[in-house]
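Starting from the known structure of chain A, arrange chain B on it as the hints suggest.
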Amino acid sequence: MLVNALEISSAAGESWPPLFALEAMGTRFELLLPALHERHARPIAEAALDIIREWHDALNAFSPASFVGRFNRSTPGEWLHIDNDLWTFLRYCHSVWTASAGAFDPALGARMHDLGLRSMKPAASLSPPAPSRASWGFSHLAWNPDHLAVARTIPIELDFGSVAKGWAIDRALDELKTLGITEALIHGGTSTVAAIGDGPSGTGWHVHVIPDLDGPIITLRNSAMSISSPRGRLSDHGHHHVIDPRTGESARCARWAICEATSAADSDAWSTVALVSGCSLGTTAQTIPTGVSIRLDKHEWTSALPTQTLRSGV
Amino acid sequence: MDVGPADPNFEERCVTNSNQWNPDRRDFLAQAAGGLAAMSLFPSILPAAPTLAAAGRRAPLQVALIGAGRQGRAMLTELAKFEAVRIAAICDSDASRLESGVKKTKDATGFADAKALLEGAKDVEAVIIATPTHLHKQIALDSIQAGKHIYCEAPIAHTPEDCGDISAAAKDYKKVFAVGLEGRSNPVYSLARSFFRAGGLEALVSLRAQAFQKTSWKTPASDAAREKALNWRLDKDVSIGLLGEFGTHQIDVMRYFADSEPTSAMGVSGVRVYKDGRDVADTASCLFKMSTGQTLSYEASLGNSFGGRFEVLHTTAAAFKMAWTHGWMFKEADAATQGWEVYANRQRFHNDEGITLIADATKLASQGKLKDGVGLPNTSLYYALADFVKSVTEGIPVAATADDGAKASVAGILANRAVVTGNSVEIKA
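Top line first, the protein sequences correspond to chains A and B.
Counted the way my numbering counts, the first sequence spans residues 1 to 314.
Counted the way my numbering counts, the second sequence spans residues 1001 to 1429.
One chain only, chain A, in its complex shape:
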């Protein structure tokens, strides 16, 4: 994505607008606070990025101390007690899972592992096991609202890769707004970006999405957008990372889906739903929330397309 802040930066000198960064969730988050001098912006940015770090600590599938790490190694039926922030997040995921008729499913970790999409070195010599609904699915998450506890009923594994960045960005935006910030842009790995205010030029924050595939320019004003695409690293078996929860295989899908929404969590989650659902999006049992708009590329993705990561200009 290319954001107009780049031009502002080069026009106004290296130190403005202040840009702050954090490595988290396997990617890089960047935050622009254009209305502030660096000295004033730094503590505010640190407070916002700290919130993202907290969510990284909770949702990182590769950390044994994270909630996801604990959950994924828990004994089926073992209740894990959690705080209300995490409970609220999980209930949000449940609401999207329900509204999307299962096209959004954060309990695909075990299947992604089977497909060689969770390891840096997938077992190239082994074919992935045939899909079995006994190894994934958010329906196998049990809830205990009286004690704020959850359990897995079978050995599913959670992976919040399709929503965690957006959720964390929303919480960081909450913090920024609490601190009185009226202009900010934040992105996570350039796949989810959210803005406060109208941008430095007053015409909104203009984001050019995957220009090499003729993606659109999107203007953000107190809103968020995400892009989902099968592009990126393929497993040794040729699977891409967008898994269709209905089949357990990589989804046959468009080259990209873009979702705009008032919250980054919504845009993050529903861009994945769009890619997985394809032409059936919004039909059948799906209920797209108010304020969520989706664009699907007209071209179907093929593995012949280049597999480099999405272009970043922020």
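By construction, these hints were calculated from the structure, which means they are not laboratory data.
Hints may contain errors.
Simulated pairs of lysine-lysine, DSSO-like, Cα-Cα distance not exceeding 30 Å [claimed, not checked]: (1) B:K1214 x A:K177; (2) B:K1363 x B:K1331; (3) B:K1103 x B:K1214; (4) B:K1275 x A:K177; (5) B:K1228 x B:K1275; (6) A:K177 x B:K1363; (7) B:K1175 x B:K1106; (8) B:K1228 x B:K1103; (9) B:K1236 x B:K1175; (10) B:K1106 x B:K1122; (11) B:K1331 x B:K1275; (12) B:K1331 x A:K177; (13) B:K1371 x B:K1331; (14) A:K177 x B:K1171; (15) B:K1122 x B:K1103.
These figures come from a predicted structure and were not determined experimentally.
Then chain B, alone, in the frame of chain A:
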């Protein structure tokens, strides 16, 4: 037989329970040769979480958190994992933090004032003090007056006098008074300590520690009036600087490992990075003399994160590096070789190779999951809070006492004075 770090008789039981174990034998590591003998001394070093069943209680412990800043929030996350705990009340004088803290719980009651909490929340059995350091003393004394079990974050106070007052008040206190010196509850540290002490304390050569992170230490406030209160760490009237806030924890690790007290400190500090008008240093170096003759070299900075926070103990046979969630042993070439090393997980650090210290290694090795055990399955804070809860509900001994807290805090406070003035400062417990 399970042995664990929270067990007061840990070493004694090891001595009597196994012919393979003798902390005084310098050749312990050599004698541990043969399969997984050394690791089998630690069948389950990871302590269990506090549970209602283990506590023999039907209702969870009613806990109040006083101070809902960054550390307080982290505590709420960890406490929520314990079925034996209910957060009944939260206190913070900052409305935004209080709201955020209360929201993190199921049904805690919010208080803006600690005294009001101690008087109003009658069902609260234990309090956790996570306020700015200079506010600990009064809250700790009031909590003692109110008869609560107490977990006080370290450093326990900002002056040696206040540390002494807290320690004295806690001395004959009939309820639990624990201090948040997390190294004493950390299973990786317990494991490293057992290996370290097996080599004999006389083998210790030197000590080194650092705390590096990239952060301004400045807290933004939505309300200008709150700016000064929230930025207490940058207020030279009450701040005890990097040596006090970070150093206290790491000095205690050295005390815990080596039974050695700092006796003097000298060093330098300054504002190297954040030229925003602050007069509390963002970078400091300090050299401690220890009561056992070695030196502890310590560095801290807010301007760079390389290496993060760790402690290293150099002995004639090995170096032990502890980094809170991870620990490694780097053996000298002439140190005895043990059979179990064949199975050990290793990590390369430039020219050195570290043997990863893994809690529950035997169990994981038997399951072929040794690599999965790299890194603690919970945060260091989790284990410290678990120990506190179990001290209250199960009666296990306190991991870090008020006396430990006072000694480590005084060393940190006086070391800060040394690096601020540039003078050598004598440290007396």
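A quick look at each hint next to the structure:
For the suggested pair B:K1214 and A:K177, the alpha carbons sit about 24 Å apart, so the restraint of at most 30 Å is met. At roughly 24 Å between alpha-carbon atoms, B:K1363 and B:K1331 fall within 30 Å of each other, so this suggested pair holds. Proposed proximity of B:K1103 and B:K1214 is supported: the alpha carbons are some 29 Å apart, at most 30 Å. Taking the CA atoms of B:K1275 and A:K177, the gap is about 26 Å. The hint holds against a cut of 30 Å.
Taking the CA atoms of B:K1228 and B:K1275, the gap is about 18 Å. The hint holds against a cut of 30 Å. Restraint check for A:K177 and B:K1363: not satisfied, since their Cα atoms lie roughly 48 Å apart, outside the 30 Å limit. Under the criterion of a C-alpha separation no larger than 30 Å, the hint pairing B:K1175 with B:K1106 is consistent with the structure, at around 27 Å. Proximity of B:K1228 to B:K1103 is assessed by CA-CA distance (about 25 Å); at most 30 Å being required, the pair is judged to hold.
About 34 Å separates the Cα atoms of B:K1236 and B:K1175, which puts this hinted pair outside 30 Å; it is violated. For the proposed pair B:K1106 and B:K1122, the alpha carbon gap of about 19 Å is at most 30 Å, so the pair holds. About 43 Å separates the Cα atoms of B:K1331 and B:K1275, which puts this hinted pair outside 30 Å; it is violated. A distance of roughly 52 Å separates the Cα atoms of B:K1331 and A:K177; the hinted pair therefore is violated under the 30 Å criterion.
Between B:K1371 and B:K1331 the alpha-carbon distance is near 20 Å, which keeps this suggested pair within the 30 Å criterion. With a C-alpha separation of about 46 Å, the suggested pair A:K177 and B:K1171 falls outside the 30 Å cut-off, and the hint is violated. Note on B:K1122 and B:K1103: the hinted pairing holds, with a Cα-Cα distance of about 21 Å set against a maximum of 30 Å.
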